[in-house]
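K.L.:
As a plain string of letters, each chain reads:
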Amino acid sequence: KQEVTQIPAALSVPEGENLVLNCSFTDSAIYNLQWFRQDPGKGLTSLLLIQSSQREQTSGRLNASLDKSSGRSTLYIAASQPGDSATYLCAVNQGGSEKLVFGKGTKLTVNP
Amino acid sequence: SAVISQKPSRDICQRGTSLTIQCQVDSQVTMMFWYRQQPGQSLTLIATANQGSEATYESGFVIDKFPISRPNLTFSTLTVSNMSPEDSSIYLCSAYGQGNIQYFGAGTRLSVL
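Those protein sequences? They're chains A and B, same order as listed. Going letter by letter, the first sequence gives residues 90 to 201 in my numbering. Going letter by letter, the second sequence gives residues 470 to 582 in my numbering.
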């Protein structure tokens, strides 16, 4: 059974810092991995999707990497801003299935 | 992208009653998904809803407790039946859009007294 773990559970940083969020998964037979952002009362917003054949994806100040063989992904946020404060969720799509398996998320607070 | 509208956004319900949550997608989709997010926990898939067939439930979730309708390719409902305080959660619906990206509704925050 696929399990997804995110570390740390919470992170507080001053504005401007670069930071890394970690995600690990137990079964490397994934189809893709998605990083989401969850804001209170606003559901989930997809940030980046990495296919199993890819190593990384970038969007603006965000960079996500994937090491499928070791079961790890990282989300790098450059020059963090208070508006980045949210919970970040990692989810994997198992090969042969449409389902997503989520981690518990990392709650990020960026202090002005 | 896909825009998903979900309602109600929140509700407070009495024990023993039922609540139906509606989910509308702005484009036709084959599958829609219903998730539950209990306080402090990750999202857990309840069921997958296909148009024209019965929903497929995940382990630990049953149709009598969470009946699902999927009358067409843009709409689905989830009913939380005979509610207890343990059902207090955020319920989210989702669907795949272009590029295998899964899009989510804003969620329904349910409190059961």
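Read the hints as simulated data drawn from the structure, not as lab findings. Ideal Cβ positions, reconstructed from N, Cα and C, are used throughout, including at glycine. Don't take every hint at face value.
Here chain A is said to cover these stretches of chain B; the calculated rule only asks that three of the stretch's residues, wherever they fall, bring their Cβ under 8 Å from a Cβ of chain A [claimed, not checked]:
1) 507-514
2) 568-579
Not everything, but these chain A residues come out facing chain B in the computed CB check (under 7 Å) [said to hold, decoys possible]:
3) Pro129
4) Lys131
5) Gly132
6) Leu136
7) Leu138
8) Ser186
9) Glu187
10) Lys188
11) Phe191
12) Lys193
K.L.:
Now look at each hint and say whether the structure bears it out.
P.N.:
Hints and how they fare:
1. 507-514: holds (count 6)
2. 568-579: holds (count 10)
3. Pro129: violated (9 Å)
4. Lys131: Lys131(A) check passes; min Cβ-Cβ to chain B is 6 Å, inside 7 Å.
5. Gly132: Holds, about 4 Å.
6. Leu136: violated (10 Å)
7. Leu138: holds (5 Å)
8. Ser186: The hint is violated - Ser186(A) has no Cβ within 7 Å of chain B, the shortest such distance being about 10 Å.
9. Glu187: holds (6 Å)
10. Lys188: holds (5 Å)
11. Phe191: holds (4 Å)
12. Lys193: holds (4 Å)
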